Every structure is written in structure tokens, then in C-alpha cells.
Amino acid sequence: MNETQTANQLIAFCCEHCAYAAADLAGSLRLQYPPSVKIVLVPCTGRLDELLALDALEAGLDGVMVAG
Amino acid sequence: MKDKMAAPREAANINEGESKRGGTPFFPRPLPGNDGQSSSSPIGAVMVVGGGIAGMQAALDLADQGFKVYLIEEQTAIGGHMAQLDKTFPTNDCAMCNISPKLVDTGRHRNIEILTNSEVLAIDGGPGNFNVTVQRNPRYIDVSKCVGCGDCAAVCPVTLPDLYEVGLTQRKAAYRLYTQAVPAAYAIEKRGIAPCRDACPANQRAQGYIALIAAGRYREALRVIKEDNPFPSVCGRTCHHPCEGSCTRALVDQPVSIMALKRFVVDYALAYGREKVTPVPRTRPEWIAVVGAGPAGLTAAHDLIRLGYGVTVYEALPVPGGMMRVGIPAHRLPKGVLQQDIDDILALGVVLKTNSPVRDPAALLEQGYHAVCLATGISARDLSLGIEGEDAAGVISAAAFLRKINLGEPVQIGQRVVVAGGGITALDAAAVARRLGAEQVNLILDRPRGELPAYQWELEAIDAEGIQLIERRAITRILVEDGWVVGVELAETAPGAATDAHGRPRPKIRPGTESTLKADTVIGTVGQFSDLNFLDPRYDDLSIDSSTFESEIPGLFVVAGRRTGASYIIDAIALGHRVARSIHAYLQGQPPELPAAATLPVARYARQELAQKVFVGEITPAKRAEPALLPTPERVTSFREVVLGLTEHQAREEALRCLQCGVCSECLACVYACGVNAIDHDMLARKETLQVGAVILAPGYQTYEAGLSEEFGFGRYANVVTALQFERLLSASGPTMGHVLRPSDHKPPRRIAFLQCIGSRDQDHDYCSAVCCMYATKEACVAREHQPDLDVHVYLMDMRAFSKGYWAYFERARRRYGVHYHNCRVSSLQEDPGTHDLILSAVDEMGKPVQERFDMVVLSVGMEVAGSARRLAQRLGVELDENGFCRNVSLNPLETSLPGTFAVGPFREPKDIPESVIEASGAAASCAAMLSNVRWSLTQRPEYPPEREVAGELPRTGVFVCHCGANIGGFLDVPAVAAYAGSLPHVVHSDHFLYACSQDSIKMITQRIRELGLNRVVVASCSPLTHAPLFQDSLCAAGLNPYLFEMANIRNQCSWVHSEDRQAATHKARDLVRMAAARAARLEPQHTISSPIQSAALVVGGGPAGMTAALALAEQGFPVHLVEKESRLGGNLRKVLVPMPAELTRNRTGDYQELARELIRQISNHPNIVLHLESSVADTSGFVGNFTTTLRRSDGSTQILKHGVTILATGGEEYHGPEYGYGSHPRVLTQLEFEEFLSNQPSAIHNLKSIAMVLCVGPAERYCSRICCIVALKNALHFKTLNPEAEVVILYKDIRTYGFKERLYQEARQRGVLFSRYDESHPPKVNLPEEENGDGKLHVLAYEAALDTWLNLELDLLVLSMPVVPSSEARALANRFKVSLDADGFFSEAHVKLRPVDSATEGIFFAGMAHYPKLAEESIIQAEAAASRAARVLSQGSLSVGGQIAVVDPASCTGCLTCLRICPYHVPKIRVDLHGIGGIQGAAYIEPAVCQGCGICAAECPARAIQLIHYTDAQMRAKVFALAEAFET
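Residue numbers (the working numbering), protein chains in the order written: chain A, 1 to 68; chain B, 10001 to 11529.
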């Protein structure tokens, strides 16, 4: 688990209708980005409340990204 | 996840009895249903031709309404042009983001069957019952098996211009149209059979191995060669190569050196170690004897042993190879390489018996062989030369000579050798004689040397090796002394030929030309005859079937002798293949195989086509590669091979010269690469007949072929691109990843010009393409967004920003993005050859010629009807206009000349996406009206076992990880991820599949759920957006609720994006799987419930839109309440008194009074329509399916209606503001007033000598009212007709006659209407005459820019084109129905492009001018569309409610109203009958039927009283904490 301890861990909440699809496209185009970004699908970025973002930070993640 | 539509039900037939109406119906009447006479029962299916956005919309609308839909698409995927666009105007939304959900919906709709690669051939029958013949063209990849992994494309060696990328980049012959394509399956493009393959008797896939050589894949190239030819070494050296003779490249420069390339592959394989051949397992009991180890016999043996038979080959000589061995000297075909080919055949397990002559092949059958193949081919027998002296010592036949040499037998030759004959054998014999030490070798040729069947190098070699050629001579006599040859007598030959006593051809001799030549050896050649007389005499009259090679003796096959033998090696190989197939068929008891029918045409190019490709640089002429030769001194002293072969560099260069005539090279690399056996190169086109009740044609458009406008240099100037290409350059998924780069140097441009009207509004196109102004503006803005310092200029004639939001968009382009617009037409472009910049020549607004330099020029190409659409119409008998657009012949604007068939989109008239979508829905309404009685008759519902109760069970999760071929498995450790998954909490099973989505794996998941009692499933593969429904099906099939499913997207989010770091990708995949498993454990089953819906519709507004919508729904059998505030129907239509010239605008509905009368007549008599005149909406409540509306009549009485949907068609009004003196002078009129004047005061018309019209008045400066230009021109033309002498001046900013309306503009100019452009800073000035003063003339000052002066117009009448403004009650109505208005007061649609008639509130739709100003025809179409959208709801019978929705726990609700304010859909309400926290009265309630499931309320609720089902806080947190767990372990 060494690599996860050294790299920042970012959680990215992506809207099902746009950003998540964009991440899919990034895959199809073989664009490379850091593996520390973990994408979570949300039905709408509006679903995301600040508590969840705070939960993430509290749990020890280094950053939260919201894309939609 | 959401499933709003409930179980389809048989719609109750509300339409009691047939209506008694005549005349032209707007809608096809419902045809009698299934209960009627079966012979003419309508079919509950519709065919939609064309899978673009319009076709998809029509398909979805109909499928949702209970019709089976066949969606026919020519290409390999649906999506059409919209899928190519980067952004869409006027919102700058990403086009793909918009279309992609529609693609997915269409692709997985149970009622839609997509037929790609298909075209409609013929139609018969009539409305309600058509038989449509469809040709399904081969895709070569089975859509049902293909998982879209792309492995085939990865190995495909053939590249060609990518048409999706408009030729800006390359794709493979195995391809997917675009990444998000639906169906996701790949396809293989074949243009036909390559001429080289066609010419080869053995059908050698030359293009295949050439393509692989070009890619440096030599081993695979050898594999391809051996598919068709077990003698690559031989044919790479000595073939007569008919392939090269038919090579298309010869039309450009010289044929590709195909034979040399084949040899290169073999040489390379030999040099770098050939792959070891392993014996083929015996799978069949039969043994076959092959007699003769020549090319035919060994090929047959090769094929038969690969089929699993046992094979023994008998050879009379001590060595195998036949003529290849004994007829060709070693300096042309070294024995080693031949042996290599033979060894490879023997290594398959063939038993070879040499020195085993067979005189009685039938005896072998008696010995136990199941079949015998006599393949003795050509027997090189010593035949008589037929001349005097031939029996002397020193005379030998060339064949015998070569055979002895090749078998190592002693041969005596002298110093002076004469070789007679003009064939390859003679040349070989001469060359061998020289190598054996003969000092003088004379080759006697009976023809000129140019006619020798030899290669250039061989002819050159004759001289180089010191062989003397004596042309046009024949030996007439051999001079003999003491039984030994001492010379020959020669004579000149004459043209023509004679035959000798044996019937063999002999040269004609010119008598008296005899001479003698000294010689001690004479080598004679005669044609090599083959016969079977070495056999036992009982075979003398053996009869043989020349196509199956089967003899009269059962089991004996013969490929030998005069009838079935071959003269060239490659012919012999072909025979070997054919006889093997015959023997196989015989042994399997199948009928003898017929010669394979040509399934594909030979892919040839015309010389002009190639010349064009050379002209535009697609083909660069290059010399053919020639192999090096052994230096002459080394040749004549040894038998070393003369031709040395191509170098690797030469071979690859040469391979690149191949023009890839067939496109797919049939190298079969994809077949080997495909992990699911989806590829089938033998697929054939097939015809299918489909029964449908109606047809919608949506074939779309093609862009104008810009190269035809030669003055702009498209195709020649690298930096001139079309707008569609530019669209791809802007796209993030395009060839430059969204960075605009000049094609010539891949540098960002600094100045770009857009040229408008390329292929529109010109001599060949008398119409406007309607979209180019806007797309150019969009592209200009987006380009500026990408590159803010870009200088963008647009050259146009008129800015046609005529639709909703377009004018504001254009203003933004000018003001915010600084796009420069020039009102002029560009005459030509010149390229600066040094910089590839472009110099543009034009005449500016002042009439002055200007030149400007740009880095890049974009041609805004117009729309045309594609040739394929024209041919389609022709086949169906659908009438087109002279430009190929579909003619409308009835009052229903969408109906074609073939009853029951409708046309939508640009096929009718150029138009943009929203209008195409509207038409698609409109046509769906017409089809539904016709077929309403057979809804749900052909649709299907999935059959699932009853659902298993999982409540109370502990989670038992199964995790399935996918390799996706190499897409995931190649970049991360899939088994390790699966093993890791097995260690996670609640996971009781984990496994990995090569392709999780293949049919087998899907079944396996279902089986595992059942066997192991799984109650949660995680699939770690690709994107849930495309694949979740597929896997959820496998849950349902096992009786598991589909909500108990979660995905980890380890392809798009791991293997593909971290492909350079296997460890990191593997690790992240583990993280994602852990997160998915954590959420899965907390998932709950969800169920939907049915909620009944009201079947009636409420239509507000009795104008053309409201009437049409009411009729459209009534015809479908739904009860309709039509509400009109006036005492009579008709609305604005009653005021439009001047008809639209139908012949110019192709507008069948142009006589508005006739239209109004017809609509009113049909409405008044319709049994399903309840008319509420002098009524208005006082109150409304409820939600989709269940609205309650109170109507108030003018007398104050009220009525309460229940309805399932609402259509708002409240129309618009003509603006009546004070601009330009309106209202203060009787000679200043609006256009509607002018129409009334023209219609009611015919006598006064002739008193008008001069009139003017002013366009863009008042609010029209803020938004374009769309119809004013057209109405003004219509009225001007009408006035000109009534009073041709009068002068008419139109003062305008831009003339926006979009589509066919352009013809009004042309006509007006032709008929002398004067046009004067003004700009915003110089509007016309009106001087009103003093009352009762002088001539009473009006004076208008108009600014003339070219003269920089104000012109004074003296007028009898000033007509103002007042814009349409929303009706006065629109705002109140909007509030009442909770729908929003745009800045100008028109109703706002849910989505500008894709839901143009839906409001954001479900169940409420718009039509007509309440949405935006439009022509009556357009209102009608939009009303039909609104009806279709409404019918989509009404036809369900019930709505399914629940699933992923927000629910309020009233006990926690504080009634703070946050959710009411935040919900974009206005769903939450406070219900007084609910009690909130602490028992307070009133708590929030979210109606499940209308909740959109976004979860905004859940996030915002301060009391956390709302949860979004399926995305609860607990489920979301589980994922977050599961990710963070990595720190703790």
C-alpha cells in the first residue's frame, strides 16, 4: 500500500449526465491522468451535500472534486 | 435506473363510432384494429428510415407509444450528423452530451429494432399495411456477439480516411463509427474484391499480406499467404502473377511488385526463423490417397489434412515437387526454398511415398482409401519436335534437359548450343546451358524478342549472360554428321501460324531465307502436353466432371490430363484447393460444391478517380521497387539464384504503394484477434421483408461537396476546411483534441475567415440552408473560447439568426467574442504557396474590392439531399422536387406523395436540429393516429421469473471482473483484482471473465446468482452508462431486484487512463472494486408502482396550433378539451388574408383561410373533442397523468376538468407600438393591416404609386420575430401582382428568408422590389405629413451606406413589419401552470435542442407562437409534435412510479420550504394533511410520479428529512469511507 500513502487521494463526484460521461470519453481517448483520482457517479452534482465532502476529508482523503 | 413508463396496456378504444367527415384530413384516420377484418388489419409497427437525431426521435416517440419500430440506418451506427458536431447553438451545449442519452435510449429500447448497414429496396401495400423489402448489407462482424472491445481494429493493417472525422484523420477498415456509437459493435468496411485477388486463380489475398508488410508484420503476412497458397516460396519467385497484371496502381504509375513482396515475406521468415508447423490432429476417419506430389497434389493434400483427414501422397519420382522441382532451374527457384514449402505441408502429417508410380489409381480405392486424387498434372514427356534430324545425338528436349539437371542426372552438352523456342522453358534451358559451360548459346526465337513471355530482367539477362538471340527464325532442319548434331538450318518466320501433321502449332516459314548455324547441341522445346496415358489402358476413356473433378469411378478425382490439368503453378494450386473441396463434399455426402458465386464486385477505380486522388495529394506517384540481381559474372559460373529479392526498406515502401482497392484486405488478422468469434468475412447481403403500418423517412442531408466550388480551392489548399471539418477540429474528441490547428503545419491559426453560403443561395441552389449562419457563429465563438487572441471574420450576405435565442447569440458573438461580420460575398481564394496562407478577394459593403490574408478559411457548406436519399425516394415512388427535397402534397405538411409515408428533417427542407426533432415527433403523431387501434400489438415485455425476497438476508455479494479482451486485462492484473475482491466484506464469490458482457458471461452471472444465492452483484468492467442495463437484466433473469447491482468502471477509469502504469492501474482497480462492494452491501431492492392516468388532454388555445394538437390527439382516440378565449376558433390565422405563394415555398398550407376553414370544420365535428369557447383557465393543479383544471366561461360559470396532459398553444400577437409613427397616421400600417387593406380595398390599391416596408421594428431589435421578412416579401409580391407599376422599397437589416423562403426574396428582386439595408446606427427616419397638408405623402429618410447619404423616399404608404409578441395572458398562464418564460415572454422548452415542445414540468407541452413566432405550417408541425409527446404519456394507461426518487420523512420535516425553492422541477409541495417535526401541521411532500431523482432536495434539506432512494447518505458514505480504508490497511 506504499503508493497510496505517498500519492494524494482525490475523490471526484461526477454527474451521470455530463462529467461521468466525459470521464468515459477520456478513457476512450486514452488520456492519462493520475491514478489517485477516484471517480464516484452521482445522479446530479446537486445531490452532493457538503457533509459528504467533509466526510471525505475527515476520512483522510486529500481532496474532493465535483464535476457536473 | 428509472423506469417512468409503466407496463403497457391495451389502450381503451375511446373512439366510439366512425366520425362523419370528408375533405382532406390532417391526420390519417385510425384504421380498423386487430378485431377488424384480418386481411387488411393494420400493423402496429412503423419503419423509420434514417438514424440521425430526427429518426431517433421519431423511433423513441413511437416506441414509447406502443409501436414496434424498425430503425433503418445505412451506416454502421445511428447518430447521423449530430454525432459529429462539437457544440450546439444557441446554448453551446456539447452535442455528444446531448445526443448520447438518446443514442443509448434508442439502442436499448425494447420496441426499437435497429437495422444498421441496411437500405430500403422496395415498398408495396398501403397505409396501415406495407411490405417493405430491406437489404441488410454485410457488416462482417456479428452485432450480437461483438462486445466492442476494439481488438479487431487494433490489429487491422488497413488505414483509410475517417469519414466521421471528415477525412481529417485515418481509421482502420475494422472500425466503429465513433466512440459512443450505437450499436457499439465494430464493423468491417469492404469496397469489394481487390483486383489482384480477383485475378489470382487461387484467390490469393495479396492486398492482405501487402498491408501487413506495410505494417512490418511479416509473420502474419506469411500466415495470410498460406491461407490461400501453400507454396509461398515458389510463387514468390516463379509465378506468372496475373495479380500484377490487374493491379490498379498501374493506372497511376506501375503495378505493385506483388510477387517480389511475397518473396520478401518468405525470405524474411526463413532468415528470422519460420514458425514451426505442428501436425494437424486427425478428426475424421477417412484416408485419402493423392497421386502426384506436384503443386496441385500437395495443395489438395494440404487442404485435406487440415480438414482432419488422413492423407498419403504417391510420387513416381524420387523427390516431391513435380514441375516445380524438375522443370525450374535452381537459379530461378533454389531447391532449398521449395523444400521448405513442401516440408511445411508434410509437417502437417501428410505421408509421402516417393518412387511410387501409380498406374491403377482405382486399385488404391480397393486397398481401402476412401478417395483418390489423381493429380499428376503436366507430365513432361519427351515429344517429337517433328523436324528432320531430331533423332541425332546431341538433340534433347528442354524439359528432359531441365529434369535431368534438376534430378542431378548426367547431361552431356557441347560448346555451341542452340536452343529453339520462345517460352520460359527455352530461356531456362539456355541459361542452364550457359551455366554448364557452353561457350556459345543461341536462342532461336520465332517471334520478336518483345513478345517473349519473360520479365524485363530475364530479357536483359539474356544479353548480360551472353546468350545470343536470333529473332524471327525457326529451325527447319537439324544438320547431322555421323549421327551427331553439327548445326541447324534456320529460316525466317512469317506472321501467322500453321499446324503440323499432329495438329500442333508451327511457325510459318518464308521460303528461300534458309541459312545454317553451327551447333553441337540442340535443345528443343515444344508445348508441354499432359495426358493420362501413363495409366492403365482401362482409364483411356475415363470421363471426368470438369467442375467437380469427380470421375465415373466413385471416389476417384482427377486433376490431370488435357481437360483438368493446369499450365501454371498458381493454376495448379487453385485446382488443388478445388479438388480438395470436392473430395470433402463427396466424403461428407454433401452435394458437389458449385463454384462460389461472386458476392462482392471487383473493386476497381476509374482512371479519373485516381487522377483526382493524385491531384489532391492522396496518392503520390512512386516508382515500383525492383529487386537487386546477382552480378553477371557470378551468374554464369554457378546456379546461385539470380534475383536477390527486396530489402526490408524496399518492401515496406513498395507495400505502401498499394492502393487498398478492396478497403478490407481480408488478411484475417481480426479473425485471429477476436476473442468472441464475432467476425465472419463470408457474410452476405440478404433481403428481408418487414411488415409495417407506416413509414417515416428521415434520411437527413449531406453537406455540399466543397471541392465543386473550385474558386475556393478546397482539396487543393491545405488550410481550407469545411465547417464540418472545423467542427471536428473544435471537438475535444476530434483529431486535434479540440485545439484548432492548421492542417498544413499543425500550428494554431491567428486569423480565420468563414465564408458563408458555399452551396447555398447560388446558381445551383435556389434555397438557403438555414443553419450555416448560426453554426459559423457558434464555431467562431468556440474557436475564440479555445484561443482568445484569434481574429475571426465571417463573410456573409445576410445574418440569418431567425430562431429562438439566435439573435441574442449573434449579438454575443459580435460584442462579447469580437467576431467580425462582413456583408459581402467572397469571390475567390488564392493560396500563398510559401506559407499556405490564403488570400481572400471580395467586394466590401461600399462596393470596393478588398484583399485579406488569413491563416485558415472555413467554408460554411450548405445542405443537399444525398444521392442515396434520392434513390430511396425513387425506389419508393416518393415525389421529390428538382433539388431532391421531398415534396409535400397534402395539408399535412409532413406527408409525402406516398400515402402513409411521412418525411421529416432536412429531407423536406434545410433546417436545424430542434425543427428536425419537432418534425420527427410530428410525424410520429401522424403514424400513431393511423395505427392507434393496434398500439401494443407487436411490442414485447421481458419475461422474468418472480422476484426473490432478500429482506432480512445478510449481503451475499458476487463480484465479476472483466478482462475486456486486452482492454483491461492488458493493462492491469485482472485475476489479482478478482482475488482481492474475494477478500472483501460480504463478498462470497468472485470471478473474472474474458468479456463480461458476452452472452455466455451474462448467462454465467445469472447462474452464479442462482447457485450461490447471491443477493448483491458487482461487475467491474466498463461504464455503467452503457452497460448497467445489460447486467441488470442478468439479475432480473435470476429473480434478483435490478437495484441490487453496482459497477466499478475499471476500463474507462483504470486500464485506459493509466495504461502506462500497470501497478497503479491494478491498485486503483482494487480501490474501485472495494468502493463498489461497499455500496453494494447497502443497496436495497426498489419497486415501482402503477399510477393510473387520465386519458384526456387539455389544449389551451384555438389557433392553428391548438386546433392541430387537439385533432392529432382526438384522432388517436384520446378525449380532448379544447379551450379558446374567443367566441370562435382560428386565432391569428383568420387575419392572414394574403396566401403564401405555394409554388415558391412548396407550402401546401399557404392558403391560410382554406386552412382555417378546414381545421375548424374537422374540429367542430370531431366526437373526441369537447370545445370550450369563450373560456379560460382559472386554476390548475396536479401532475403528469393527473391534472385538475378549472375553466371559467365568460358568463362566469366554471367547469372542472380532469386530464392527463396539457398543451399550451396560446399564440402570439402582432406588436402595436409607436415606432415609426405607428398609430399617429392612417398611412402607417402593420403587415396584418396591410393584408386586410389588400384584401378589402381593391380599388384603392391602384392609387398607391410608392410604398415602403420597414423590417425589424420595436422588440424585433432584441429578438428576431422570424416571420416578418417572409410576410413582408409575400405581401410585397402580392401587391406587385395587383399593382405592377408601383414602387416597393424594403428597408431591412438582414433578409432572413431561410430554407425555400429564399425564393420569395429572389422573386421579389426579379420583380423589381427594391431593397435597402440599414444598420442599427442608421435606422430609417419617418417624417409624417402635417394633418390635411399638401400631397399627404409620407417621407422616409433611408441611409445608403455605399453613398454615405440619406435618401428621401416619398411614399403613399408605410408598412411596418411588427414582430410577434407573446399573448397578453401568457405570463399569467405560465404562473398558473408553473412553466417558465424566456426573456422575451415566450414559453421556455425543457431543452432547446432535444425537447423543443416539452416544458420542464412533465406532462405540459407547447405549440405554436406561444413558444416563438413561426409560420402557420411550422405551428401545425409543432402542434403535431406536442400531440405526439402528449400521446406518449396518455398511451401508457398508467405511469410507473418510484425507483430512484426523493422521499420525505414528514416526521423530520420542519416545513422550511428549502426543497420547494430549490427543486428545478417544482415538485415538492407542502401538504397540510401531513404533520412535520413535533406534530406541526404541514410537511413537505414529493410526488413520486414527477420526481426526477436528481437529489438536490436531499442534499439541501437542513433537517435531513429527505433521502434520495438508491443514493442515500449511507450508500454514498460507504463509498467514500471504503476509498479511505486504504490508509488503514
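Just so you know, the hints here were simulated from the structure itself, not pulled from any lab data.
Everything numeric in this text was worked out from a predicted model, so none of it was measured.
Every residue, glycine too, gets a C-beta built ideally from N, C-alpha and C.
Check each hint, because a few of them may be wrong.
[To be verified] Chain A is faced by these chain B residues, among others (derived, beta-carbon under 8 angstroms):
| id | residue |
| --- | --- |
| 1 | Cys10097 |
| 2 | Thr10736 |
| 3 | Pro11024 |
| 4 | Arg11062 |
| 5 | Ala11064 |
| 6 | Asp11071 |
| 7 | Gly11493 |
| 8 | Cys11494 |
| 9 | Ile11496 |
| 10 | Ala11503 |
| 11 | Gln11507 |
| 12 | Leu11508 |
| 13 | Leu11523 |
[Said to hold, decoys possible] Per the computed footprint, the stretches of chain B lying under chain A, defined by three or more beta-carbons under 8 angstroms from a beta-carbon of chain A, are:
| id | stretch |
| --- | --- |
| 14 | 10404-10417 |
| 15 | 11509-11519 |
**Report entry** Three-residue Cβ test at 8 angstroms for the coverage of the stretch 10404-10417 of chain B by chain A
**Finding:** Coverage by chain A is violated for the stretch 10404-10417 of chain B (0 residues, Cβ < 8 angstroms).
Query - Evaluation of the interface hint that places B:Asp11071 against chain A, nearest CB under 8 angstroms - result: 6 angstroms, holds
**Report entry** Interface restraint verdict for B:Leu11508 against chain A (beta-carbon cut-off 8 angstroms)
**Finding:** Check passed: Cβ of B:Leu11508 comes within 6 angstroms of chain A, closer than 8 angstroms.
Query raised in the report: Okay, the stretch 11509-11519 of chain B and chain A, do three or more residues pass the C-beta test at under 8 angstroms?
Result: n = 5 at 8 angstroms, threshold three: holds.
Report task. May I ask you to test the interface hint for B:Leu11523 with respect to chain A, counting a Cβ-Cβ separation under 8 angstroms as satisfied? Result -> For B:Leu11523, the interface hint holds, since the closest Cβ of chain A sits about 5 angstroms away, which is under 8 angstroms.
Requested in this report: May I ask you to test the interface hint for B:Pro11024 with respect to chain A, counting a Cβ-Cβ separation under 8 angstroms as satisfied?
Outcome: B:Pro11024 check passes; min Cβ-Cβ to chain A is 7 angstroms, inside 8 angstroms.
Query raised in the report: Does the nearest C-beta of chain A fall within a distance shorter than 8 angstroms of the C-beta of B:Gln11507?
Result: 11 angstroms, violated
Report task. Have a go at the B:Gly11493 hint: is there a Cβ in chain A nearer than 8 angstroms to its own Cβ? Result -> 6 angstroms, holds
Query - Status of the hint placing B:Cys10097 at chain A (closest C-beta pair under 8 angstroms) - result: 5 angstroms, holds
Query raised in the report: Are B:Thr10736 and chain A close enough, Cβ to Cβ, to be under 8 angstroms, as the hint says?
Result: It is violated, given that the least Cβ distance between B:Thr10736 and chain A is near 12 angstroms, above 8 angstroms.
Query raised in the report: Does the CB of B:Ala11064 sit less than 8 angstroms away from some CB of chain A?
Result: Check passed: Cβ of B:Ala11064 comes within 4 angstroms of chain A, closer than 8 angstroms.
Query raised in the report: Measuring from the C-beta of B:Cys11494 to each C-beta in chain A, is the shortest one below 8 angstroms?
Result: With a minimum Cβ separation of about 4 angstroms from chain A (threshold 8 angstroms), the hint on B:Cys11494 holds.
Of the hints listed earlier, those the structure fails to meet are numbers 2, 4, 10, 11 and 14, in rising order.
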